[in-house]
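First to last, the protein sequences are chains L and C.
1 is the number of the first residue of the first sequence in the working numbering; add one for each residue after it.
1 is the number of the first residue of the second sequence in the working numbering; add one for each residue after it.
If you're looking for bench data, these hints aren't it; they were derived computationally from the structure.
Heads up, the beta-carbon is just placed ideally off N, CA and C, and yes, glycines get one too.
Keep in mind that a hint or two might mislead.
What the hints assert, rightly or not - Here are some chain L residues pointing at chain C (derived, C-beta under 8 Å):
#1 Arg-217
#2 Ala-218
#3 Ala-320
#4 Val-324
What the hints assert, rightly or not - From the derived model, a few chain C residues whose C-beta atoms are all more than 12 Å from chain L:
#5 Gly-30
#6 Val-100
#7 Gly-106
#8 Ala-109
#9 Ala-154
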Amino acid sequence: MSNGLLPSRQLIGVTRFHWQQLLGPIVVVIAVSYLTSGVSASFSYLTEGALALLVMVLSLQVFIGNSGVLSFGQAAFAMVGGFASGLLTAPVKIKENVLDGLWEPLKAVNMGIWPSLVIAVLVGALFAFVTGLLLMRLSGLAAGIATFALLMVADNVFFNWKLIGPGPQVMPQVPKFAFVDESIVLTVIVIIVVYFFGISRRGRLLRATREDALAARALGASVWHLRVLFFTVSGGIAALSGAMYAHHAGAVTARDFYLGFTFTTLAMLIIGGASSLWGAVVGTILVTAIGQVLLVLEGGVTFGSVEVTLPNGARGLVIAAALVVILIWRPKGVTGGKEFNLPFLNRKSAAAHDSHVQRTDANMNIKP
Amino acid sequence: MTQMLEAVSIVKSFGAIRVLEDVTVTVRKGEIVGLLGPNGAGKTTLLNIMAGYETQNSGTVSIDGGCIDSLPPEARTKAGLARTFQSGRLFPELSVTENVVLGAIGAGASIKVANRRALDALEMLGLTAVMMQPATGLSHGLSRLVGLARALTANPEYLIMDEPAAGLNNHETPALLAALESIQRESGCGMLLIEHNVGLVADACSRVFVLASGELLFEGPPEDALADEAVLSAYLGDATMGLPGGIA
Numbered sequence: 001m002s003n004g005l006l007p008s009r010q011l012i013g014v015t016r017f018h019w020q021q022l023l024g025p026i027v028v029v030i031a032v033s034y035l036t037s038g039v040s041a042s043f044s045y046l047t048e049g050a051l052a053l054l055v056m057v058l059s060l061q062v063f064i065g066n067s068g069v070l071s072f073g074q075a076a077f078a079m080v081g082g083f084a085s086g087l088l089t090a091p092v093k094i095k096e097n098v099l100d101g102l103w104e105p106l107k108a109v110n111m112g113i114w115p116s117l118v119i120a121v122l123v124g125a126l127f128a129f130v131t132g133l134l135l136m137r138l139s140g141l142a143a144g145i146a147t148f149a150l151l152m153v154a155d156n157v158f159f160n161w162k163l164i165g166p167g168p169q170v171m172p173q174v175p176k177f178a179f180v181d182e183s184i185v186l187t188v189i190v191i192i193v194v195y196f197f198g199i200s201r202r203g204r205l206l207r208a209t210r211e212d213a214l215a216a217r218a219l220g221a222s223v224w225h226l227r228v229l230f231f232t233v234s235g236g237i238a239a240l241s242g243a244m245y246a247h248h249a250g251a252v253t254a255r256d257f258y259l260g261f262t263f264t265t266l267a268m269l270i271i272g273g274a275s276s277l278w279g280a281v282v283g284t285i286l287v288t289a290i291g292q293v294l295l296v297l298e299g300g301v302t303f304g305s306v307e308v309t310l311p312n313g314a315r316g317l318v319i320a321a322a323l324v325v326i327l328i329w330r331p332k333g334v335t336g337g338k339e340f341n342l343p344f345l346n347r348k349s350a351a352a353h354d355s356h357v358q359r360t361d362a363n364m365n366i367k368p
Numbered sequence: 001m002t003q004m005l006e007a008v009s010i011v012k013s014f015g016a017i018r019v020l021e022d023v024t025v026t027v028r029k030g031e032i033v034g035l036l037g038p039n040g041a042g043k044t045t046l047l048n049i050m051a052g053y054e055t056q057n058s059g060t061v062s063i064d065g066g067c068i069d070s071l072p073p074e075a076r077t078k079a080g081l082a083r084t085f086q087s088g089r090l091f092p093e094l095s096v097t098e099n100v101v102l103g104a105i106g107a108g109a110s111i112k113v114a115n116r117r118a119l120d121a122l123e124m125l126g127l128t129a130v131m132m133q134p135a136t137g138l139s140h141g142l143s144r145l146v147g148l149a150r151a152l153t154a155n156p157e158y159l160i161m162d163e164p165a166a167g168l169n170n171h172e173t174p175a176l177l178a179a180l181e182s183i184q185r186e187s188g189c190g191m192l193l194i195e196h197n198v199g200l201v202a203d204a205c206s207r208v209f210v211l212a213s214g215e216l217l218f219e220g221p222p223e224d225a226l227a228d229e230a231v232l233s234a235y236l237g238d239a240t241m242g243l244p245g246g247i248a
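All chains, full assembly: derive it from the sequences and hints.
Written out as structure tokens, the structure reads:
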């Protein structure tokens, strides 16, 4: 508390930058990533994949979480990003030998991972912008169906059109990230972007449209403009996720980003809590951890004299059941849709602030 | 050119039902105008047409001489026309303050300016005690006041209010009247007050329009409306009890 020393005109109860909400998820992501990747090479590989998924969940959060519009189509942008970055970085010889139907300019080009990531983000954002101009006129069920149709169209195009990729085959020899650090850095950048978009003027207006579009319009909020903007940002981030996934796996195929990918990432978002960045992080960590435990159990584990072996597919079943349970009993997710917050840090921060104010006032000879 | 919000010769039908018949309402800058009428008279439909939520069959709506018929609601807000809703229509997940700040942000203000305007509006309407509360738990009366504060932070040239006094108690209504007069004095904003509280309208407004069955029945000073037989028989009836000036 301020003990009456702070200026009397204070605006409280309003969204504003809070260091805990941003640094909390970043610290947790970095800590969990280094802890798990340090265990073994396979855990490092797993961590890289999980970070690519987290970036995808963050792309869903920035659009679905803020707008309230359910989109099944964001994986289409991940597909675009994965293919763009994969094609731009794969060796020319491989493309000439394996991808004989590929468009000639794409065959000839070869660049490093980092510039290809930038191009992937731009292409994904552009694709999202163009499709968003039409799709963002829809709401509710219509928006869900139309975005799902977008995913199906993208899958069919990438699965069949050999001018822009390997078609139904796998595109091999995509260069891999050298270290897990690269994925961590990219994820932290995305967390920062998503956070600042969330607390921005437009982010706050978009959340208002989520609550009551009619009232938001009376405040001057153009629902369509705001949705197109955030759909575009989400598309760019999804494309980065696809590119990260391609450079994690060292190969890319259209089916990497289809129904399983869409279901898993949406489940992560909803289980964690769609309306907060922290929910996206928690959901990804939880579902990944549970999924890995179940995967091990599917392979069979012996506890003393008891051998436990879950049937194949148990992992998907459990995640689907968790999703249903969350939707029924805790629709705001396990975080309740709240951002990262440790109350004792707030108290320390407030105490430090009061102490600073008292010191300042004492220096200026101001009496309480 | 007169600075004025005008809805001229408005005609509106829903199917075969004619809701508004050649209705003209004007609000000059700095003026508080009342719009009275019994339930079903077409008041809220007229408001929705002026704010861009309904399209009229004929007639025009203009601000300071410029036609705004083609503008959607959000563009009308940016053009200087704000509105409040009968039910408050606050964003329930957000705090009172956040709701009010959004009014300024939507109108294009920076976050710093929006915060300052929100604080001014909350103080003016005596809402600082509830500023931290989530909007979802407020009483109907308080919701309407917060909705008014939210509209004010857009710094509108004209403000249309849909029954702001409904649900307010005997202490809150005089406070609302004082706030309206304060807004008029400080911002010079023109206000159209759609209200059933005839006493409030009589105290606050310099002119009133009375609608009945979609037609304009009266335009003039509120004291003349309260003495007009056609108005009394069409709208006021027994509600004249308790009116200012001892009419009852």
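* Check the non-interface label on Gly-30 of chain C: least C-beta distance to chain L beyond 12 Å or not. => holds (22 Å)
* Minimum Cβ distance from Arg-217 of chain L to chain C below 8 Å? -> Hint on Arg-217 of chain L: holds, closest Cβ of chain C at ~4 Å, below 8 Å.
* Gly-106 of chain C: least C-beta distance to chain L exceeds 12 Å? -> Its Cβ does come within 12 Å of chain L, the nearest being 3 Å, so this is violated.
* **Closest C-beta approach of Val-324 of chain L to chain C relative to 8 Å, hint status** => Interface hint status for Val-324 of chain L: violated (24 Å vs cutoff 8 Å).
* chain L versus Ala-154 of chain C - minimum CB to CB distance exceeding 12 Å, so not interface -> violated (7 Å)
* With a cut-off of 8 Å, does the beta carbon of Ala-218 of chain L approach a beta carbon of chain C closely enough for the hint to hold? -> holds (5 Å)
* Asked: Against chain C, with CB atoms and a cut of 8 Å, does the hint on Ala-320 of chain L hold up?
  -> Where the cut-off is 8 Å and the nearest Cβ of chain C is about 28 Å from Ala-320 of chain L, the hint is violated.
* To do: Grab the minimum beta-carbon distance between Val-100 of chain C and chain L and tell me whether it stays above 12 Å.
  => violated (9 Å)
* Assertion that Ala-109 of chain C lies outside the chain L interface [Cβ separation over 12 Å] -> violated (9 Å)
Consistency note: the structure conflicts with the earlier hints numbered 3, 4, 6, 7, 8, 9.
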